[in-house]
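Student: Take a look at the letters that make up each chain.
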Amino acid sequence: DAGVTQSPTHLIKTRGQQVTLRCSPISGHKSVSWYQQVLGQGPQFIFQYYEKEERGRGNFPDRFSARQFPNYSSELNVNALLLGDSALYLCASSLQHGGLYGYTFGSGTRLTVV
Amino acid sequence: AQSVTQLDSQVPVFEEAPVKLRCNYSSSVSVYLFWYVQYPNQGLQLLLKYLSGSTLVKGINGFEAEFNKSQTSFHLRKPSVHISDTAEYFCAAAPDSGTYKYIFGTGTRLKVLA
Numbered sequence: 070d071a072g073v074t075q076s077p078t079h080l081i082k083t084r085g086q087q088v089t090l091r092c093s094p095i096s097g098h099k100s101v102s103w104y105q106q107v108l109g110q111g112p113q114f115i116f117q118y119y120e121k122e123e124r125g126r127g128n129f130p131d132r133f134s135a136r137q138f139p140n141y142s143s144e145l146n147v148n149a150l151l152l153g154d155s156a157l158y159l160c161a162s163s164l165q166h167g168g169l170y171g172y173t174f175g176s177g178t179r180l181t182v183v
Numbered sequence: 051a052q053s054v055t056q057l058d059s060q061v062p063v064f065e066e067a068p069v070k071l072r073c074n075y076s077s078s079v080s081v082y083l084f085w086y087v088q089y090p091n092q093g094l095q096l097l098l099k100y101l102s103g104s105t106l107v108k109g110i111n112g113f114e115a116e117f118n119k120s121q122t123s124f125h126l127r128k129p130s131v132h133i134s135d136t137a138e139y140f141c142a143a144a145p146d147s148g149t150y151k152y153i154f155g156t157g158t159r160l161k162v163l164a
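Chains U and P, in that order, are what the protein sequence lines are.
Take 70 as the starting number for the first sequence in the numbering used here and just add one per residue.
Take 51 as the starting number for the second sequence in the numbering used here and just add one per residue.
It cannot be assumed that every hint is accurate.
Covered, in the sense of this in silico footprint (three residues per stretch, anywhere, with C-beta under 8 angstroms from a C-beta of chain U), are these stretches of chain P [to be verified]:
1. 80-92
2. 96-110
3. 152-161
Calculated from the structure, these hints are not laboratory results.
Beta carbons are placed, not taken as given, at the ideal position from N, Cα and C, and that holds for glycine.
Please work from the sequences and hints to get the whole structure.
Tutor: Here it is as structure tokens:
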């Protein structure tokens, strides 16, 4: 069975540009969450979507947005990129709304802003 | 505010020796606790979780953790480590009021020496 897949795996963008990251959850998983992991830090919660609705938002600026599609895949968009947005962006999926039974994480998209 | 503290940023240990990775949390509400492992250039893999019941939790790859409510700790142990256990280990907490939002510690890099 395929796990959580993310694309692209690596990305280099210039300050001020916009970026879209994609995530396909495990088949049957209806919940997708996004986390940002800055080098040397633990992951920080950005968004959670369940059944195509936003169910939670972390402490990130409005430059960050996301959506979930009918097939439960998801996109994370970041506008007006800053150098500080350079990080590993992780997508995680789970069967139900909460992560009570644990999330399955993808391998991430490494974004470098120059 | 809730937080997770991993006091040791790096832990070197010889192969076949025991290891203990420390995790403390602070929360005014009940939490669920998790340990994840991250191998280089990969996403996070769930090692074990504490939801309720027995305070000693066994996970994959021979790891176990003990929940101590009075000390607000959830330390990870393994009686005998292997070279392949070299990785970054993250402790995470999810409040029962919002289990979708994990709060991660900053991670502990376990280096197993031959």
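Student: Against each hint, give a clear statement of whether it holds in the structure.
Tutor: Taking the hints in turn, this is what the structure says about them:
no., hint, in the structure
1, 80-92, "holds (count 5)"
2, 96-110, "holds (count 3)"
3, 152-161, "holds (count 6)"
In summary, the structure agrees with every hint in the numbered list given earlier.
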